[in-house]
Structure formats: C-alpha cells, structure tokens
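Novice: The residues making up each chain are set out below.
Number of protein chains: 2
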Amino acid sequence: MASPTAPVVIIGGDAAGMSAASKARREDPSLPVIVFEQGPDISYAACGMPYWFEGLVQSDEMLRALHLEDARRKRGIDVRIHHRVTAIHPEAHTVEVQDLERDRTFIQPYSKLLIATGASPVVPPIPGLDLPGVFTLRTLEDGRRIHRYLESRRPRRGVIIGAGYIGLEMAEAFRSRGMETWVLELLPQILPQMDPDLLAPVVDHLVEQGVHLHTSTRVTGVRQANGALQVVALQEDGRSLTVAADMVLVSTGIRPNSRLAAEAGLALTVANAIQVDERMRTSAPDIYAAGDCVAYRHRVLDREVWIPLAPSANKSGRVAGENMAGGHAIFPGILGTAVVKVFDYSLAVTGLTEGQAQEHAERFAGGVAASTITAPSKPAYYPGAQPVHVKVVIERATGRILGAQLVSRSDVSKRADIFATAITAGMTVAEFGLLDLTYAPPFAPVYDPVLVAANVAARHVQPVPG
Amino acid sequence: MASPTAPVVIIGGDAAGMSAASKARREDPSLPVIVFEQGPDISYAACGMPYWFEGLVQSDEMLRALHLEDARRKRGIDVRIHHRVTAIHPEAHTVEVQDLERDRTFIQPYSKLLIATGASPVVPPIPGLDLPGVFTLRTLEDGRRIHRYLESRRPRRGVIIGAGYIGLEMAEAFRSRGMETWVLELLPQILPQMDPDLLAPVVDHLVEQGVHLHTSTRVTGVRQANGALQVVALQEDGRSLTVAADMVLVSTGIRPNSRLAAEAGLALTVANAIQVDERMRTSAPDIYAAGDCVAYRHRVLDREVWIPLAPSANKSGRVAGENMAGGHAIFPGILGTAVVKVFDYSLAVTGLTEGQAQEHAERFAGGVAASTITAPSKPAYYPGAQPVHVKVVIERATGRILGAQLVSRSDVSKRADIFATAITAGMTVAEFGLLDLTYAPPFAPVYDPVLVAANVAARHVQPVPG
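Just so you know, the protein sequences line up as chains A and B, in that order.
Residues 1 to 466 in this note's numbering are what the first sequence spells out, letter by letter.
Residues 1 to 466 in this note's numbering are what the second sequence spells out, letter by letter.
Read the hints as simulated data drawn from the structure, not as lab findings.
Keep in mind that a hint or two might mislead.
Repeated chains share a single entry, so a pair holds when one copy, or any two copies, can fit it.
[Claimed, not checked] Result set (SDA-like, lysine to any residue): computed pairs, CA atoms no more than 25 angstroms apart in a straight line:
hint: 1; residue 1: 341; residue 2: 135
hint: 2; residue 1: 378; residue 2: 307
hint: 3; residue 1: 378; residue 2: 58
hint: 4; residue 1: 341; residue 2: 387
hint: 5; residue 1: 341; residue 2: 384
hint: 6; residue 1: 341; residue 2: 355
hint: 7; residue 1: 341; residue 2: 409
hint: 8; residue 1: 341; residue 2: 380
hint: 9; residue 1: 341; residue 2: 120
hint: 10; residue 1: 378; residue 2: 60
hint: 11; residue 1: 341; residue 2: 207
hint: 12; residue 1: 378; residue 2: 67
hint: 13; residue 1: 378; residue 2: 177
hint: 14; residue 1: 341; residue 2: 201
hint: 15; residue 1: 341; residue 2: 383
hint: 16; residue 1: 378; residue 2: 55
hint: 17; residue 1: 378; residue 2: 344
hint: 18; residue 1: 74; residue 2: 41
hint: 19; residue 1: 378; residue 2: 409
hint: 20; residue 1: 74; residue 2: 32
hint: 21; residue 1: 378; residue 2: 147
hint: 22; residue 1: 378; residue 2: 70
hint: 23; residue 1: 341; residue 2: 378
hint: 24; residue 1: 341; residue 2: 208
hint: 25; residue 1: 74; residue 2: 31
hint: 26; residue 1: 74; residue 2: 374
Keep in mind the model is a prediction, meaning the values are calculated, not measured.
Turn these sequences into a full structure, and let the hints steer you where they fit.
Specialist: Structural data, given as structure tokens:
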C-alpha cells in the first residue's frame, strides 16, 4: 500500500508531466515530487521545431520551456533524465525504474503517480522506412537528428509522407530551405481534421509555393538507388509514382504511449488512450494520467475522444498536479481547437467539423446544418484586407454552434478562439451574431467575418415544431 | 393616427438608419421605406477617415459602405439626401421635412418611424474655436473639409484638443504627414475609456513617435497671430502653454442628436440619449430609435449607458428594421467593446474597467478585484513576439469576468473579443482559464496571454463564506 511519506512520482518530463510537477509543488511546497524522463530533455516546445529548421528560431536551446536546473532548483522538482519506468505496480504503489546512464534498475514507491508518457509516431508498415535519411519528428532528439542532417547533408529533395499539421509545416520548412518538396498523402485531402470543402485555396497555395502535392497516394516503399532514396507510391488512378529524394519525413500520425498503463491493468479507451475522469484519475487508485497519452471528454460530443495537442497536455497536467497535491481541480474537456500555418495561410478548427457532426447527427436536435461565408479580415478599403473563409456547423433546431473552421491569408487563430469560447458557453448563432466585438479599420470590419458567418448560419436554423 | 399604407420612415442615412432600411426591406420586400438624410452622404465608414488623411485609403469614395444608387435600385429604399426632418408628430404619425435643395417643406406620414440621428461633436465653450483652420471630425463632410485643408494648405503644425480615440488616431495621421503634432488633454490621462495604469507604454510610445502630449491641460483659447493660429492652454502646475499651429482639431467628445425626439415628447435617459427597450422602441407608439442617438443596456451593469460605437449602431439598426417590418428581434445590449490603433500599439477594452466596476462595487458579490499580467503574444522564441498587457476585472466572490483591457504592439482586437464572448456568457476566470484555444508558434504561446491573465486573476477570487 501507499506510504504517505512516499513521493509523488511522475512518468514523463514534457508538457503534462512538468506542468503537473510544477503545479503540485506550488500547491504544496513540502511535497516531494520525482519526475522520471527517459530522454535527455524536459519540457520543450516540440511545435517550434519546424521553425528551427526554417531558420526562424536560432537553436534548439530556445525551444526549452523549462530548463533542467530551474526545474530542480527554483521549483524543487527531483527531475531524473535518462530514467525509464518499465513497470507500474498499482497494488504495491511502486514503479520499476531503469537508470539508462548507470544501467541499473530500482523500485520507486509513490504516494500518487502520474502517467504522462505522451504519444509516439506511428510508422506504417512500409518497406524501407528504416533506411538512413528517413525520419520521424516528435521529440527534440528527433528534431536534432533532422537538423543535423539538414545542416550537414544539405538535402536538395525532400519527400513528406502525410499531409497533417506536421507534414504541412515541414513542407514549409523544406521549401524555405530551397528544397524540392513532395507531400504524399494517403487520403483524398490534406488536413483530415478539417472539412475538405474549405481547403481548396490552401491546396492551390501549396502548389503556388512549389510543393508537389499528391493526395490519394499510397507510399508502397522506400529504397536506396544511386546514393539517394527513392520513394515509390501508387496513385488513385493506378499509376505508379517514383520520387528521388535525399530525405524522407514520415508524418502519418501518432498513437498514445499507453503500454505501461495497459500492462498495469489500467483501463484504456478510444484509440487505446488511457481512460481518466474529470480529475485526471485513471481506473487505479492514486494513479493519474494526463497529456497526449489520455483521452479527453469532447465538450460538444460529451464523449471521450483522443485529440492530443499541447494546450490540453499543459492544462490537464496542471489539473492532475493540483489534485495530486490534495486539490479538487476539474478538467472540463476539449474542443479539439487547433491552428496551423501553411506558408501564407492560417487554418483553424474548433469543435466539430460538418463531417464529424454528421457522424453524430442523432445527438443534435433537428440534425446538423453548416454554412460557409467569405468576408474581408478588415474593411475592404483598408490596406492588407484578406478574404476570411468561415464555416459554421450548428444544431439545426436550435442554432447552437457545434464547430467552426476558418481559412485565410490573415491570422485566423483568435477568430477561432472567439468561436471556441462561444461553443464552450453553448451559444447559438443568433446570440453570437449580437456579440459586441471590437471594430476599427486596421483590425476588423464593422461586421467581423465571424459575425457574418453567424448571421448567415442563423438562416439555416429550423426550429422543430412542437 | 397611423395609416397602414403609410411608409416606414427613417430619419438618418448612416449606419443605424441604412441598416434598418436594408433589413426591413429584406424582411418584407413589399414594405415602402423612405430615408431622410440631411447631408449629402449615406452609410459611410467614418472610422476610416484618419487613414484617408494618412494616405492609406485613396479616396473618400472608398469609405462609402453603400452607394446611393445601390440603396435605391438594389435594395429598393427611397433614400432622400439633403432632406432634414424638423419635427415629429407622434399623435398624427407624421414628420415635417425640409427639402434643403429645393427649399420647401412638407409633411410625411409614417406607419413606423425610426430615429437614427446619430451624434454630433461637442465643441467646448472656448474662444476661437470658430476660426478658420479649426475643425471637428464626425461626418464625411467634416472629413472632406479636413482633407482639402491638409492637401491645399499643407499645414506643418497641428494641435489636437482631446486624447480620446479620434484624437489619437488623428495624431497618427498628422505625424504620418510629417506634421509637428501636439495633443492637449484636459484629463490626467489619455483614453478615458481605459484604466490609467495600463497606458504608460502607450504614452511613452506617443512621445517616441514625436507627439507632444500634454495631459491635465486646459485649452483656454485659440487666436490668430502672424497668419497662423495660437492655442493657449493652462497646465496643471499653473503654467501657461502657447502653441503655434496651422491647424487645430477639436475632438473633445460627442453628444446624442436627441433634440427632435425630446421636442416630440419622447423619453430621454442617461446623457440625454433616447430611451429604447430591447426591441429598440421609444416611449412613443410606432417610433423606434437606434444608433448613436440611443442609450443601450450594458450587459454587465444591466443598466442603460451611452457608449456610441459603430458596431452597435449597425446591429441596433438591424434589430429595429426587423421589428418595423413586423419581426420580433431583440438587441441584448453592449459591453462597450472597442479597439484603437495608436501608431504601433493597439489598445482594446470590453466590459467594465476597474474604475467603472468600483463605481458599482455594491452590485458585485464580494466587490471587485483586478489584476494585470504581461505575457508574450507568441512563444518568446518565435520572431515578432510582443509583450501583451492584459488586465482582467472580476467579481471577487465568484470570479465572474466583468471586463478586460489589453495593450500591445501586437493586434489585441481578437483577444479582446474572446473576453467579450466570455463576459457575454457570464464566464468565471476559472472557466475561462480552461478554454481550449488555438496554439501554434506563429500565432500564440501554449498559454495565450488571455489564459495567463485569467489564471492570475483566479488567485484573487475570494468566495464569500456561508
């Protein structure tokens, strides 16, 4: 059983783990907290790596959110890097730890345990993905490998397998380095997190930026030939595509690192992510989980989803940390809100896409309706005004907003956040259309595109007679 | 009494009036709608004029939101410019109209009437403000006079009396034209819509941009001397200040154009603005009012305030138009949300300032608390990150957000809108801190400044025991 004097133990020293450790120590400065991190790095901004490759960020050191010595000295967290937890014993309240540097193993008791093991790339079973010059990008170590390769080999041709957030950010990084760049995507569309109808201008823009984009294209193998790599793929029409490359990035998705939890008998859920309650407690007493390894409640669907993103990792870690220190914090769930920069465009999504909402149409009164508008980011007369495409998905009978997607050459991130806030509050498009938002010509038209979108969506509301 | 066949009549052809006319015609295309506008212009973007003077906008024609011929032909609105309504007869359901071009007067019956007479500059009783070279800026005609003067006289020295939104936007316009620029403000601070503690960086910035800013300075007179103007003012320390100028702008505030309504016996309220209900109905049957001449309900204070701004003029006009066409629309009120660009800075406010909230502290459980944070607009490692100053005002016992103010060299408009949405929904800082907002390095840090502000404000919540 748990020794009350045993420390809080945290497995994983990135966003969720270090957020939890820091919050627990702030809540109770007398609480001993140990973090075991198997790699050499803690708490880094993985999302910043494409901009390091692009040259906008000067070094990987700048991507550290919290330095090891600060974590130890200023926050009093006993962080141990190069330590891998190999087993959890919930009954005994212990973990088995492998010290990778000294090559020894020991047992560590815990009073409370947090599993913050994150997620790892899924490498599809395609021959040749183990060849030199083929990379995945997840950890800072992955990033250093890629950066070293880019700097030492100066590859001229890059192939990216997968057109999700990372694939497209890396396409921009490759192009900014002057590389010939291919993006090969299995699905018929880029960015599967969004409805395809909004993406046409971004696809055009990728082509305009010199990216060779091939959707509905299945990579069948990578091989070495003439001192370079060859990526072989099968296109939708049955034709084969062979691309010579100096470098290949595999960005086909990730999966939760939930093996430890599963082996300890903890309940998993959707996508094999760890199941937690709103206090971030797993199915085992005194064991919490947070970050990319867990499933969160979707605030619109009111069911578990696995959408691993940095903001929820930070927040859920913080909630877990507060609770491990004796608090009663609640993590209310997510909307899957995200933004990505694709060259000059920004794309954002929050809540449900039309496709996702339609999958669950029976949960919504009168079903689902969606509409899309295009309106300028600023008054048309003001320099720099850009069209903003806004799609709003609603519950048809009530007009409650279920989701929004935005695409523009202007920054759509905060406009998406306005929707995220309204969705969280359960607002209807009628209520949203009367929000008192900022207006001044350098920033927005008198009817912001988000208001235009809500007003147009309001025309699709059809109250159910009764 | 009203003739059911009499037209809808609208007094005033700017934002509220033309929004109402357009909406009424959309709701009921058979409805005859007459708009009487005393000036030569309808529906123009007054807020864009400083950028026309600055040269960012090429002509006043670009500031027209709706052209006269489009209003008439496409929307079927009988717009009559150069027509001044001189009296309203609520019992008879008629208005007296003066045709300024033909110099004749006639009686126009109405079925429903909308008063959308807007607001006018308050010119303080200071000697010399009627001299040539002294201007106010409200209508497009005012703007043309200023533009002509700027282009023909090429003034080298400009004095602006009043440091509100318009005064500061005009200071930027003057400086961009290379003019020596003075701003003289009676109050001890610029921008009285905001708490003074946030404004220090903007005051520094104004000085850095070469603006001679004098607060706590009372202009006592303007006179002609040596072919130029001289502005004489009294400073706080009792010293006199005399500034030679080629041009003076008086931007000391506006007042509602409510004389017609008052003379017709309609109820006025705060600041002599016209009183309306949530359907934009005045105290007289079949008479509506909307736009800058009316008081709106403040959504946080739940009382009438007079904060005349373009977005609420448009929206309240639209609501009035729908209702005049037989609809049942409601205008739920305002938050006084506003943003202003001051050279490289943007400043935004929504809801109550700390000062305003303290004035009404008895209305809030446990009183009022406020806190201010500074956090980067993007991750510190990403190029272009700027400090964002965010002040949040809360109801102390519950943490409900009452207001927010933001100041940064980055665009704070949409971050203010996130708060406006949350305030409308009655969110607490605890709820706000867990919003699922966008994150990507080019756009925002993983904890956006608005979330940092909410999390810090949450520390000031003190539940009332019981």
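Novice: If a hint holds in the structure, say so; if it doesn't, say that too.
Specialist: Structure-based check of each hint:
In this homomeric assembly, residue 341 and residue 135 come within 25 angstroms of each other (Cα to Cα) only inside a single copy, at 22 angstroms, whereas the closest approach across copies is 45 angstroms. With identical chains, the CA atoms of residue 378 and residue 307 are at most 25 angstroms apart between copies only, with a shortest distance of 23 angstroms across copies and 32 angstroms within one. For the identical chains of this complex, residue 378 and residue 58 are inter-copy neighbours only, at 16 angstroms across copies versus 33 angstroms inside a copy, given an alpha-carbon limit of 25 angstroms. In this homomeric assembly, residue 341 and residue 387 come within 25 angstroms of each other (Cα to Cα) both inside a single copy, at 16 angstroms, and across copies, at 21 angstroms.
Both within a single protomer and between protomers do residue 341 and residue 384 lie at most 25 angstroms apart by alpha-carbon distance, with minima of 18 angstroms and 15 angstroms respectively. In this homomeric assembly, residue 341 and residue 355 come within 25 angstroms of each other (Cα to Cα) only inside a single copy, at 22 angstroms, whereas the closest approach across copies is 39 angstroms. In the homo-oligomer, the alpha carbons of residue 341 and residue 409 lie at most 25 angstroms apart both inside one protomer (9 angstroms) and across protomers (21 angstroms), since each shortest distance falls under that limit. Taking the shortest Cα distances, residue 341 and residue 380 sit within 25 angstroms of each other both inside one copy (23 angstroms) and across copies (17 angstroms).
In the homo-oligomer, the alpha carbons of residue 341 and residue 120 lie at most 25 angstroms apart inside one protomer (22 angstroms), although the nearest pairing across protomers, at 44 angstroms, exceeds that limit. Proximity of residue 378 to residue 60 under the C-alpha cut-off of 25 angstroms is restricted to the inter-copy arrangement: shortest distance 17 angstroms between copies versus 36 angstroms within a copy. Within a single copy, residue 341 and residue 207 get their C-alpha atoms as close as 15 angstroms, which meets the 25 angstroms cut-off; across copies the closest is 36 angstroms, which misses it. In this assembly of identical chains, the alpha carbons of residue 378 and residue 67 lie at most 25 angstroms apart only when taken from different copies (19 angstroms versus 41 angstroms within one copy).
Taking identical chains as interchangeable, the C-alpha atoms of residue 378 and residue 177 lie at most 25 angstroms apart only when they sit on different chains, with a minimum of 23 angstroms there against 32 angstroms within one chain. For the homomeric pair residue 341 and residue 201, the shortest alpha-carbon distance inside one copy (13 angstroms) is at most 25 angstroms, but the shortest distance between copies (30 angstroms) is not. In the homo-oligomer, the alpha carbons of residue 341 and residue 383 lie at most 25 angstroms apart both inside one protomer (22 angstroms) and across protomers (14 angstroms), since each shortest distance falls under that limit. In the homo-oligomer, the alpha carbons of residue 378 and residue 55 lie at most 25 angstroms apart only across protomers (17 angstroms), although the nearest pairing inside one protomer, at 31 angstroms, exceeds that limit.
For the homomeric pair residue 378 and residue 344, the shortest alpha-carbon distances inside one copy (17 angstroms) and between copies (17 angstroms) are both at most 25 angstroms. For the homomeric pair residue 74 and residue 41, the shortest alpha-carbon distance inside one copy (17 angstroms) is at most 25 angstroms, but the shortest distance between copies (64 angstroms) is not. Proximity of residue 378 and residue 409 under a CA criterion of 25 angstroms is satisfied in both settings, with 12 angstroms inside one chain copy and 18 angstroms between copies. Taking the shortest Cα distances, residue 74 and residue 32 sit within 25 angstroms of each other inside one copy (14 angstroms), while across copies they are farther apart (73 angstroms).
Taking the shortest alpha-carbon separations for residue 378 and residue 147, only the inter-copy value of 23 angstroms comes in at or below 25 angstroms, while the best intra-copy value is 38 angstroms. For a Cα distance limit of 25 angstroms, the shortest separation of residue 378 from residue 70 across copies, 22 angstroms, qualifies, whereas the shortest one inside one copy, 43 angstroms, does not. Taking the shortest Cα distances, residue 341 and residue 378 sit within 25 angstroms of each other both inside one copy (20 angstroms) and across copies (13 angstroms). Taking the shortest Cα distances, residue 341 and residue 208 sit within 25 angstroms of each other inside one copy (15 angstroms), while across copies they are farther apart (33 angstroms).
Taking identical chains as interchangeable, the C-alpha atoms of residue 74 and residue 31 lie at most 25 angstroms apart only when both belong to the same chain, with a minimum of 14 angstroms there against 72 angstroms between chains. For the homomeric pair residue 74 and residue 374, the shortest alpha-carbon distance between copies (21 angstroms) is at most 25 angstroms, but the shortest distance inside one copy (49 angstroms) is not.
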